[in-house]
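Those protein sequences? They're chains A and B, same order as listed.
In terms of numbering that gives the first Met the number 0, the first sequence opens at residue 0 and continues consecutively.
In terms of numbering that gives the first Met the number 0, the second sequence opens at residue 0 and continues consecutively.
Don't read these hints as lab results, they were simulated from the structure.
Hints should not be assumed to be uniformly reliable.
To be verified - Only part of the chain B face toward chain A is listed, based on derived beta-carbon distances under 8 Å:
| # | residue |
| --- | --- |
| 1 | His172 |
| 2 | His184 |
| 3 | Glu316 |
We put the beta carbon where it would ideally sit given N, CA and C, even for glycine.
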Amino acid sequence: MTAIARTDNRQEVLAAARAELPVDIVAFIEDCRRQEHPESNLIAVLHRVQEHFGYLACEKLDAVAQLMNIPAAKVAGVATFYHYFRMQPRGKLMINVCMGTACYVKGAEKVVDRIREELGIDFGQTTTDGVFSLNSALCLGTCGLAPVVMINDEVHGKVTPDQVPALLEKAMLKARQSMEEA
Amino acid sequence: MSEKKLVNITIDGRRLQVEEGTTILEAARHLGIRIPSLCYHPDLSLPGACRVCIVDVKDMGFYMASCSVRVWEGMEVQTNSPEIREARRDIVELLLDNHPQECQICERDGNCELQNLAYALGVRERLFEGERKNFPRDDSSHSVVREPNKCILCGRCVRVCSEIQGVTNLGRHGRGFRTVVSPAHGARMDESVCIQCGQCVAVCPTAAFLEKDSTDDVWAALADPSRHVVVQTAPAIRATIGEGFGLPPGTNNTGRMVASLRLLGFDGVFDTNFGADLTIVEESEEFLRRLNGQGPLPMLTSCSPGWINYLEKFFPELIPLASTCRSPMSMTSVLLKTYYAQSRGIDPKSIYVVAVMPCVAKKYEARRPEHYMAEGIPWTDAVLTTRGLIWMIKSYGIDLWTLQSVDFENFPKETFDDPLGISTGAADIFGTTGGVMEATLRTAAARLGDESGRLDFHEVRAVDGLREATVRIADREIRVAVANGLVNAASILDEIVRGEKQYHIVEIMACPGGCIGGGGQPYPPRSMKAMDPELLALRAQALHAIDGQKTLRRSHENPAIQRLYAEFLGEIGGPKAHELLHTHYTPKLPRGIR
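Okay, chain A solo, but in the shape it has when bound:
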């Protein structure tokens, strides 16, 4: 069967997959594969990958697919179904716009439209320069300040669409300052 071994690329494919992921995640997957239903651990594996890299890149998902022996279409299907998983790296500044009932009634949609317009990104996306990411939240617990926008951990209340450009600029300046100080 020596002729047969020659055309088998399985070991190379697995080695390439292992090289994509940190050792502890590879070990975790191997652990899972010894269990009865290894595929039931897919979400747990994805959480670990996202925790480590900040997001789920295609190559990482493919590596998970190969190591867990789950078709890539299924892995990607799960990853894109859940809100929690990010397919793109997170920006340095995380914008969370509250779309809860109170904020929505008070015009959050218009604020979001303005942010989209200013940054050219939609929910779940990151600007090409890697500075801003945009996300929606479903109530930040400060309905009295509606509509609310959070940039990283700073809360901005009663935001109007016209305030958006200045808000973004200030956040960017501050981020740059803190980077320079560091």
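Chain B: place on chain A using the hints.
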């Protein structure tokens, strides 16, 4: 055998008994009621996704999806009422509300299940007008085009890709309105694990998956006076092409097909069957050599290009087991540009070879680098599917198929051109499961000195997808396996990898039923669905009937093949035959997960 329990139910006021486990939809069929459905496919899992097949079940308080609810004792079902009809119509209207309104310019116009359903349910105006999908079209693959804007998310393609083919290239990505069916990460089809079998095209109710159309190239070649345009038709075409013209499944239409091809303007009309006979002569030689210790066993057949793609991506370790014989299409194309060109004194570069195939993967096979005569000159220039040829015949206005005044019994005495038009019955059965095996066994038996004169090997026809058998020829026991549908094939291949089973020869065809169920075959008549066992049986019967009627039923007895070796190829399995008629395979990425 344990008998299934019978359950008493009432459908539309009529009592009946059906077996436990029957769905409401299946039970209604017993009464002659066809509940409208869309995502439902009898050979796939039941997601109950589209809700078109809803019925009223007494005391349930909500409509149930009849495709996925199994009957229970005393169940009372109402399949029709003004309310149910309205609800079904609303469901289809909602499916239409973000569907492109371009039926007139859509390839599926006239045989689109969504269109037919909208008509049947009485959708006569559009009450809802929603946001349209705006996904890019993917025509990167040589075989399959993905048009996600026409997708209604019924999931049949996802299910066939995984449940029948074991490829699982397609999945649902994202959620809600933005859900899209695509390969992982929205990758291009030509960079995915797709094996290009086209079963997604066959089961799609709309035009979300289509074949890559080659008819424009063929029209252009036919109109070019500097080209000598020849055509070859695969064994399975004659048994299915009539369906495209409303003729009943299972009728052979060789004469009408050949006559139509001549009217279309082809300079030569040849038969892929000739290549099939040649494949058998070469393949049985290869098999006998391996049986005598020269080469690995089992030998895996290699005619089905979807299967070869699967082999290279999913089981590359088994590549050395595959027969190196080119497919009948490729052998015929090679001979058209060498043997035929030489004997007719035609410059091979001016010959344009069109192959009519039941298959979309053949479009890719024709573009493999190892299937080129020289830089920029493929052996096979264009591949049409059965559907593509049907469309060309209709588009031209050829009326041989429906004219009542023509005596179809005797019409027309059109036959293929010589010499690549002569074939034996062994070639005809190539188009159906077990056919390549049966043809190989016929010739191998003769070469091994078997005196039984046996021609029929019913035990190798895997009508249910998978067969194993031990065949006695010339005092030798030949252990064979036959599979169609790659999930079935994988179960045999896994056993081979693990060393659990020892076979001498294995026939694999990618599509259910073999080529007769290929991804390029006509969309089935309205009362049937792709992969319908009854439809496949009728088509197979047609091929076995031609075989049975022929005097010559062993490939090596084909006089044109004998002449070909004497005049041109030399020895069977010899150096020239190897150079022209054999090929090789290489592992391909992305590696499929099985």
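For each hint, the structure was consulted:
Nearest Cβ of chain A to the Cβ of B/His172: about 5 Å, under the 8 Å cut. The hint holds. The beta carbon of B/His184 comes within 4 Å of a beta carbon in chain A, closer than 8 Å, and the hint placing it at the interface holds. A hinted interface residue such as B/Glu316 counts as satisfied when its beta carbon comes closer than 8 Å to some beta carbon of chain A; here the least separation is about 4 Å, so the hint holds.
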